[in-house]
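Chains as they are written, first to last, in the working numbering: chain W, 6 to 105; chain B, 45 to 211.
No lab work stands behind these hints: they were computed from the structure. No residue lacks a Cβ here, since even glycine has one placed at the ideal position from N, Cα and C. Some hints here could point you the wrong way.
[Claimed, not checked] Quick look at which bits of chain W chain B covers, simulated, 3 or more residues with Cβ under 8 Å:
#1 7-14
#2 36-50
#3 55-67
#4 86-92
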Amino acid sequence: MVPLSWYLALSAVLFTIGAVGVFVKRNVISIFMCIELMLNAVNLTLIAFSSFYREISGQLFVFIVMTVAAAEAGVGLALVIAIFRNRQSLNSDDVDLLKL
Amino acid sequence: MGLEQIFFLILAVLSVGAGLSVILQKSPLYSAFSLIGLFACLAALYVSLQAQFLGAIQIIVYAGAIMVLFIFVIMLLNIRKEESALDKYKYLYILAVPFAITLAAEIIYALRFVQEPTFKTEKPMIGDSQSIGYGLYTTYLMPFELTSILILLAIVGSVVLARREKD
Chain W
6 MVPLSWYLAL
16 SAVLFTIGAV
26 GVFVKRNVIS
36 IFMCIELMLN
46 AVNLTLIAFS
56 SFYREISGQL
66 FVFIVMTVAA
76 AEAGVGLALV
86 IAIFRNRQSL
96 NSDDVDLLKL
Chain B
45 MGLEQIFFLI
55 LAVLSVGAGL
65 SVILQKSPLY
75 SAFSLIGLFA
85 CLAALYVSLQ
95 AQFLGAIQII
105 VYAGAIMVLF
115 IFVIMLLNIR
125 KEESALDKYK
135 YLYILAVPFA
145 ITLAAEIIYA
155 LRFVQEPTFK
165 TEKPMIGDSQ
175 SIGYGLYTTY
185 LMPFELTSIL
195 ILLAIVGSVV
205 LARREKD
């Protein structure tokens with residue numbers, strides 16, 4: 006049996022990789038993918054706890070997180086297309102104003 | 045070391061490598077492909093944690109639907125490479141130190157002090173579609189219904205945002 010702490014450590018490493026990516030990356034799509042990475046790290050934690058406590062709720066949270074991630078991908082990529090159409094660039098330093 | 049630990053370690057190394065590849069690749073397209081590999085590793089881990097349904101959903105929804113959407117947009121906008129932003133912001137290098145310290149502290153805490161939970165029941169819990177569906181339609185009916193409103197908002201929002209302005 007793999008101990009619970011191993012899953013938590015792996016999840017922490019993946020979450021930190023995602024957080025570093027959000028800080029380091031300048032491309033809007035890359036930042037977006039790093040956010041998905043962080044969501045998946047949290048999902049791994051929830052499923053590990055769900056499995057170790059023999060409790061289905063954690064998996065239902067993951068189910069809802071996945072739905073929210075799908076909705077977020079739809080809206081976010083529409084935003085990316087709108088930004089690209091208006092600025093001809095996806096660098097997040099060029100879109101630091103909320104107006105066009 | 046048993047077979048389960050070896051399986052976990054292989055998948056952990058693969059997923060951390062894929063995660064590093066996501067943030068180290070210059071081209072967003074290669075980042076997206078690395079992310080698909082990471083999702084596949086995580087799906088295997090889910091199955092090893094008796095969450096078969098979510099493992100399948102991870103492959104179908106994440107690796108299948110969401111990442112195809114990402115790759116579609118990357119190829120539609122024809123994004124080749126991003127300029128190395130780190131060279132422009134040398135002072136941000138210092139951010140690496142608190143991040144590394146936080147991660148190290150977190151891992152040491154996880155490995156040292158986390159107590160293994162005692163099982164509530166002896167019967168192993170299997171995350172198949174029956175138990176997931178039962179939970180969704182009884183205890184968590186309200187969040188489940190609210191999710192449908194969220195998806196409706198996402199559909200309308202993405203249509204409004206991606207629409208071309210009429211002149």
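Unsatisfied constraints (hint numbers, rising): Of the numbered hints given earlier, the structure breaks none, since each of them holds.
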